[in-house]
Amino acid sequence: MLTAEDKKLVQQVWEKISGRQEDAGAETLERMFAAYPQTKTYFPHFDLHHGSDQIRGHGKKVVAALGNAVKNVDNLSQALSELSNLHAYNLRVDPPCSPLQLLAQCFQVVLAVHLGKDYTPEMHSAVDKFMSAVAAVLAEKYR
Amino acid sequence: MVHWSAEEKQLISSVWGKVNVEECGAEALARLLIVYPWTQRFFDNFGNLSSPTAIIGNPKVRAHGKKVLTSFGEAIKNLDNLKATYSKLSELHCDKLHVDPENFRLLGDILIIVLAAHFGKDFTPSCQATWQKLVGVVAHALAHKYH
Chain A
1 MLTAEDKKLV
11 QQVWEKISGR
21 QEDAGAETLE
31 RMFAAYPQTK
41 TYFPHFDLHH
51 GSDQIRGHGK
61 KVVAALGNAV
71 KNVDNLSQAL
81 SELSNLHAYN
91 LRVDPPCSPL
101 QLLAQCFQVV
111 LAVHLGKDYT
121 PEMHSAVDKF
131 MSAVAAVLAE
141 KYR
Chain B
1 MVHWSAEEKQ
11 LISSVWGKVN
21 VEECGAEALA
31 RLLIVYPWTQ
41 RFFDNFGNLS
51 SPTAIIGNPK
61 VRAHGKKVLT
71 SFGEAIKNLD
81 NLKATYSKLS
91 ELHCDKLHVD
101 PENFRLLGDI
111 LIIVLAAHFG
121 KDFTPSCQAT
131 WQKLVGVVAH
141 ALAHKYH
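These protein sequences, in sequence, are chains A and B. Mapping of the first sequence onto UniProt numbering: residues 1 to 143, in sequence order. Mapping of the second sequence onto UniProt numbering: residues 1 to 147, in sequence order.
No wet-lab data here; the hints were simulated from the structure. Since the model is a prediction, treat every value here as computed from it, not as a measurement. All C-beta atoms, glycine included, are put in the ideal place defined by N, C-alpha and C. Some hints could be false.
Below, in silico cross-link-like pairs of lysine-lysine (BS3-like), each with a Cα-Cα straight-line distance of 25 Å or less [what the hints assert, rightly or not]:
hint: 1; chain 1: B; residue 1: K121; chain 2: A; residue 2: K60
hint: 2; chain 1: B; residue 1: K145; chain 2: A; residue 2: K129
hint: 3; chain 1: A; residue 1: K117; chain 2: A; residue 2: K8
hint: 4; chain 1: B; residue 1: K67; chain 2: B; residue 2: K145
hint: 5; chain 1: A; residue 1: K117; chain 2: B; residue 2: K18
hint: 6; chain 1: A; residue 1: K117; chain 2: B; residue 2: K67
hint: 7; chain 1: A; residue 1: K40; chain 2: B; residue 2: K121
hint: 8; chain 1: B; residue 1: K88; chain 2: B; residue 2: K133
hint: 9; chain 1: B; residue 1: K121; chain 2: A; residue 2: K61
hint: 10; chain 1: B; residue 1: K66; chain 2: A; residue 2: K117
hint: 11; chain 1: B; residue 1: K60; chain 2: A; residue 2: K117
hint: 12; chain 1: A; residue 1: K129; chain 2: A; residue 2: K8
hint: 13; chain 1: B; residue 1: K145; chain 2: B; residue 2: K96
Calculated Cβ distances over 12 Å to all of chain B for the following chain A residues [to be verified]:
hint: 14; residue: K7
hint: 15; residue: G19
hint: 16; residue: P44
hint: 17; residue: D53
hint: 18; residue: Q54
hint: 19; residue: G57
hint: 20; residue: V70
hint: 21; residue: D74
hint: 22; residue: S77
hint: 23; residue: E82
hint: 24; residue: L91
hint: 25; residue: Q101
hint: 26; residue: K141
hint: 27; residue: Y142
The shape of chain B in the complex, shown without the other chains (with noise of 0.2 Å):
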């Protein structure tokens, strides 16, 4: 079980506090499929994605990229419990998606770039540690129940 200090639920919940989920979640999937592109294998069926400015203005991104974020809101309220948060969705993610784990360390990393470029100055190294930290322990959840 991964322990959380007060100061790290604090500054994980006033970060999420101030995310707008649909225009995060639709930047950090965009920035996924742009910067590694072989990401775009799992999302064939999503139409344009032939460049930069096709992925960042296509819809099912945008609105996959919500899911996403959506999803992840989910595991900051379960912060305590996240394996289980996440059982089915790991299942899903080995046995029907097939997405190489790896690939949930890069949308985290990507992710923390994206709340910094929005948050500037007040995303602190002590927030990126913890945030490093949060997107770290998500993907080892969704990770777990692979086989």
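So that you can see chain A by itself, here it is in the shape it has in the complex (with noise of 0.2 Å):
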């Protein structure tokens, strides 16, 4: 379970990379398509070059979303209550969340390639709980 200070921790490393959250969005898609090629099945319907403009758009929707999760983390459920039902009945994900945790995997390469040392390990452990608890969120309607 997320703890106070988790929250505040999580919080802290969004603040870290406001400005760049575009970026970050693009570039774990990216990782998340060149380290786990099964991902890609997802979105035959999209150009995965390198800088195409739907990773850029659909990195901003992923990023996006996890900035809304970060300011209602006290209410995940229904803070995602929308894209929950989304990934459960419409994009069919596979549970029990795996690309969901590869994609957190990715998430966090990023920070800790623009954070450098400032990704703490009291951070990557909060940012880890904080990515599992969305994970199991967005899965909670599969069955």
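Mind assembling these two chains? They're in different frames, but the hints should get you there.
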């Protein structure tokens, strides 16, 4: 469970990347497609080349959603309810969150790349927990 | 047998050549114990693991981290023969240490994050992809002798 300290750390991380959030989103997706090619199966309709407008656009959406989750960290279930429906009934991304775990790993790599030493073990821990909580909420409605 | 392209081998060795095994190993193991605290159950005799600061400063954690990453270096030298290279270690982790192989995957992912933090932008998506493949293959080899 996310402690008060975890929530504070996650918010701090978010502030540290403010202004670079769009880039972070695109980079996360790019890394995910490179490291885990099976995730591309969810995007057959996308141009997946480096710098593609679709990746930028989608990365922006993903990061905005994560930002919303950060703002509503005390009520993830409600804040992510629409997205949860979408992932369960429309997108049907494989549970139990395996691709979302891969996304989480790539997002953490992006944070580490950009924050270097500032991505402390405490922050790493808090963000890992946060991403797990988000993935769990998104998978709530699967069955 | 896992196939490694020339480019992948290059990406592995160029990163590895710049890694400080002691520092990196210590940090990766410390983060494993901090981010996934249940892994502390394998290190009962390590002394003070009560806080992130204690874990990071713990000399046994540092020493063991170095040992683990040094062993990883062996894997890198033997990319075409990983299962044989790790055969004894695999038996050890199963029969004596009783480590769930899922934890190898967790450590692998953490190592990637440590490398990313150290190398910054130089840890490109291709680099990450190759290293994710490497840690996956190492984890698989370590799990191979489980029964």
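Hint check:
no. : hint              : verdict
1   : K121(B) - K60(A)  : holds, 20 Å
2   : K145(B) - K129(A) : violated, 31 Å
3   : K117(A) - K8(A)   : holds, 18 Å
4   : K67(B) - K145(B)  : holds, 21 Å
5   : K117(A) - K18(B)  : holds, 17 Å
6   : K117(A) - K67(B)  : holds, 23 Å
7   : K40(A) - K121(B)  : holds, 23 Å
8   : K88(B) - K133(B)  : holds, 22 Å
9   : K121(B) - K61(A)  : holds, 23 Å
10  : K66(B) - K117(A)  : holds, 19 Å
11  : K60(B) - K117(A)  : holds, 22 Å
12  : K129(A) - K8(A)   : holds, 13 Å
13  : K145(B) - K96(B)  : holds, 12 Å
14  : K7                : holds, 16 Å
15  : G19               : holds, 17 Å
16  : P44               : holds, 20 Å
17  : D53               : holds, 18 Å
18  : Q54               : holds, 17 Å
19  : G57               : holds, 18 Å
20  : V70               : holds, 19 Å
21  : D74               : holds, 22 Å
22  : S77               : holds, 24 Å
23  : E82               : holds, 29 Å
24  : L91               : holds, 23 Å
25  : Q101              : violated, 9 Å
26  : K141              : holds, 26 Å
27  : Y142              : holds, 22 Å
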